[in-house]
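*Asks:* The residues making up each chain are set out below.
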Amino acid sequence: MGQDEELTTKNILFTKDSLVPTSIAIGLAMLMLTSTTIDLMSELEETAIFNSETPDWTVLFDTQVIDLTGEGHTYIHTEIWGDGEEKIIDFDISDLLPNDDTRIAYIVATIVPEENTGISPSEPDWGCDSIGVTVVSDNSTLLAQWNDERNILRGNDADCEDIPVFIQAYPNFYDDNSTVVAAKNEFQAMIPWTEDGWGLGELSIQIKIDVQSYGGQGVGIVDDDEEITIEVDVYAFTAEIQE
Amino acid sequence: MIMVAAITDLMLGMVTLILLSRGSGKTTSSRMAGLFIGWILVFKGVEYLLMATLQFQSGLYVIFGNVDASSLENTFLSSAYRMARIVSLMLMCFLPMVFPFRLLPRKWDGKMMLGAACLMSVFVSSIYLVTDFVYFNFENIVLVPGFIILIAIYIRFTIAEVKEEQQNFRKISIAAGLILIALHGETMTYWLSQVLSINDDYQQRFFITFNWQPTLVAWFGINLWLTLGSASILILAAGETWRSTKIGSSSFSILVFVILLVGMIAGIADYMVLDIVRSCYEVTCEKFPTAFNLWYEFTSTSLVFLYTPILFMYIILNYNIIETQSGENRWLTRIIVIMMLLIVSSVVLELVQSFLPIPEMLSAAILAIIVAIFIGWEEKIVDRLIESAQSVTSGLPISEENSGEGEVGTKTFHYAMGAVLIYIILLSALHSGLGL
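Going down the list, the protein sequences come from chains A and B.
Letter 99 of the first sequence, counting from 1, is numbered 98 in numbering that gives the first Met the number 0, and no numbers are missing.
Letter 332 of the second sequence, counting from 1, is numbered 331 in numbering that gives the first Met the number 0, and no numbers are missing.
Wrong hints could be hidden among the right ones.
Claimed, not checked - Here are a few chain A residues that face chain B, going by a calculated C-beta distance under 10 Å:
1. Asn-10
2. Ala-28
3. Thr-35
4. Glu-42
5. Glu-45
6. Ser-51
7. Asp-55
8. Val-58
9. Phe-60
10. Phe-90
11. Val-179
12. Val-180
13. Lys-183
Said to hold, decoys possible - In silico DSS-like pairs for lysine-lysine, Cα to Cα no more than 30 Å straight-line:
14. A:Lys-183 - B:Lys-106
15. A:Lys-15 - B:Lys-286
16. B:Lys-410 - A:Lys-15
17. B:Lys-110 - B:Lys-410
18. B:Lys-106 - B:Lys-379
19. B:Lys-162 - A:Lys-183
20. B:Lys-286 - B:Lys-162
21. A:Lys-86 - A:Lys-207
Because the hints were derived from the structure by calculation, they are not lab data.
Backbone N, C-alpha and C define an ideal beta-carbon position, used for all residues, glycine too.
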């Protein structure tokens with residue numbers, strides 16, 4: 000066909016020269032489709048049989064504290080509070096995980112008053128300050144199980160004792176060494192333990208102190224501030240299927 | 000990555016439709032091709048947007064039907080993204096009938112194609128919804144007529160160009176080839192695996208991993224999709240090799256050979272990790288090596304999302320489908336070109352950064368250099384694209400079309416496709432709301 004010959008619907012698609020190569024090309028494509036379809040038929044059956052079984056899988060957990068301080072804690076923060084002072088201390092827990100297979104299980108924080116550390120012998124036990132601790136959960140960026148029964152989000156003390164705080168981060172992780180899951184396959188069994196994001200964000204702890212300034216009769220005013228140490232332990236876990 | 004593709008598709012689709020609405024001097028054929036391409040991009044954008052939202056919320060595994068049905072949002076997103084995909088496929092089915100050539104009688108083709116695209120979209124998506132999408136992917140079968148048309152046009156005009164030395168015919172074969180890559184580019188990098196028939200092993204791993212039992216027709220639909228992509232790139236490669244030996248290679252030949260080479264390496268890599276693929280079925284699932292994941296991410300996951308928008312935009316500009324010469328449209332065209340170049344360069348940089356230990360400061364600096372170069376060259380690039388733009392039928396002995404004949408108004412097209420978009424969103428919302 001020359002260029003001057005008008006192109007019509009029929010000769011746009013085929014000419015005498017192109018009909019055979021086009022037919023061969025389409026024929027080979029159909030052949031590929033047929034052979035691959037026959038091949039997948041057997042796999043369709045195999046997949047159906049495989050997916051119909053639901054075996055039990057044992058998931059093993061390895062839980063450890065993320066030690067950034069070298070003293071067995073993730074963070075240690077020490078600060079002085081004045082009498083009646085209220086402060087919020089933030090801890091960044093957004094970038095602590097060592098690898099993609101590790102996830103945060105729960106967070107434990109301990110508020111240690113100065114009187115209990117032996118740092119200040121000038122303050123005897125009967126001079127214990129009143130400490131109020133609250134984990135800020137409203138509008139918190141920390142992704143955690145805020146309504147979990149195990150949580151300890153508040154604490155008070157006036158007896159120079161440590162105040163513990165506990166935040167459950169990962170859903171349904173209760174510090175077990177292992178659990179048994181019924182699932183179609185290994186991947187399905189691991190799905191509950193591979194959710195990303197839990198425990199990440201900013202942990203905010205609000206602490207208010209009323210300093211016991213009066214040391215007693217004959218002692219008088221002993222101090223008007225308080226040094227508090229906050230130890231934060233972020234527990235992370237890895238999960239794997241028992242072979 | 001999918002979110003980048005979503006934004007690119009949506010923006011390019013909307014700009015195309017705006018430019019088409021402004022243009023007045025375009026032929027009916029160009030305008031129809033532009034309308035189909037614009038709406039394909041919009042629906043692809045909606046599909047990717049919903050898919051990206053779903054993945055962001057629930058992870059990658061939801062794509063294969065493993066959606067947590069207890070969440071209304073998840074069921075809405077998964078239904079809507081699948082329905083958007085169905086509509087874009089229906090539009091893709093009709094595109095080869097208007098570009099490069101209008102093949103159906105012009106008295107009624109416009110109305111018929113628009114009506115059929117809308118009816119098929121509504122019918123297929125509704126049927127799929129009530130059958131819980133168990134036949135999802137079978138709709139790929141609508142791509143078969145377009146595949147045959149484009150292959151026939153490509154071969155016919157490549158042979159005519161070589162044998163009759165008609166250089167005018169080259170732009171037709173390139174147009175057909177580019178549409179083939181735009182429609183089937185996502186599966187072209189799997190060509191060697193498809194020839195070796197190992198893609199089904201990968202799919203089986205997915206099905207076992209995600210505990211999804213596919214129906215035969217759904218799996219056949221996936222296989223058909225992979226076959227059309229593989230056959231397309233092999234036919235294009237054969238055609239370009241033959242043409243290169245007779246006339247010489249061109250930039251289109253290089254594009255085809257690059258895709259062919261990437262597919263060949265991907266096929267070899269796929270074959271090498273076949274034991275790991277089958278481990279899910281035979282023993283317990285082993286993880287893919289990191290290098291394999293990176294290669295796969297780079298070639299078969301990330302870049303393929305950009306094939307369709309970039310090639311469609313090139314086709315729109317190079318084949319003069321939208322009126323780019325007028326002053327009002329020129330600046331919008333420039334924005335498209337800059338956006339395309341920046342998106343591609345930033346995505347490539349992002350991907351390179353994922354496996355090369357380049358500090359963010361350095362990659363940001365490289366991106367800034369690229370931006371500066373693009374801004375400097377942008378005018379030249381745009382001017383060259385616009386000035387060399389030619390209608391696909393210009394200079395060819397093709398009968399003049401009677402303007403107005405069989406014409407579907409631009410507004411009618413927009414209203415009809417807009418109604419389909421609202422329909423799929425409302426139906427998905429209703430479906431999830433009723434907890435079906």
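*Asks:* Less than 10 Å between beta-carbons is the criterion; does A:Ser-51 satisfy it with respect to chain B?
*Replies:* holds, 8 Å
*Asks:* Can you confirm whether the C-alpha distance between B:Lys-410 and A:Lys-15 stays at or below 30 Å?
*Replies:* With Cα atoms ~42 Å apart, B:Lys-410 and A:Lys-15 exceed 30 Å; violated.
*Asks:* Hey, does the A:Thr-35 contact hint survive, CB to chain B under 10 Å?
*Replies:* With a minimum Cβ separation of about 5 Å from chain B (threshold 10 Å), the hint on A:Thr-35 holds.
*Asks:* Please work out if A:Lys-15 and B:Lys-286 have their alpha carbons no farther apart than 30 Å.
*Replies:* Roughly 53 Å separates the two Cα atoms, so the pair is violated.
*Asks:* Against chain B, is A:Glu-42 within 10 Å by beta-carbon distance?
*Replies:* holds, 5 Å
*Asks:* For the hint on A:Asn-10, just tell me whether its beta-carbon gets within less than 10 Å of chain B.
*Replies:* holds, 8 Å
*Asks:* If you draw a straight line from the CA of A:Lys-183 to the CA of B:Lys-106, is it 30 Å or shorter?
*Replies:* Since the Cα atoms of A:Lys-183 and B:Lys-106 sit roughly 57 Å apart, the hinted pair is violated (cutoff 30 Å).
*Asks:* Is the hint on A:Glu-45 kept, meaning its closest Cβ partner in chain B is under 10 Å away?
*Replies:* holds, 7 Å
*Asks:* Taking 10 Å as the limit, does the beta-carbon of A:Lys-183 come near enough to a beta-carbon in chain B?
*Replies:* Holds - the Cβ of A:Lys-183 comes within 10 Å of chain B, reaching about 4 Å at its closest.
*Asks:* Verify the proposed pairing of B:Lys-286 with B:Lys-162, using a straight-line Cα cut of 30 Å.
*Replies:* violated, 52 Å
*Asks:* Holds or violated: B:Lys-106 and B:Lys-379, Cα atoms, limit 30 Å.
*Replies:* violated, 41 Å
*Asks:* When the nearest CB of chain B is found for A:Ala-28, is that gap smaller than 10 Å?
*Replies:* holds, 4 Å
Checked against the numbered hints given earlier, the structure breaks hints 7, 8, 9, 10, 11, 12, 14, 15, 16, 18, 19, 20 and satisfies all the rest.
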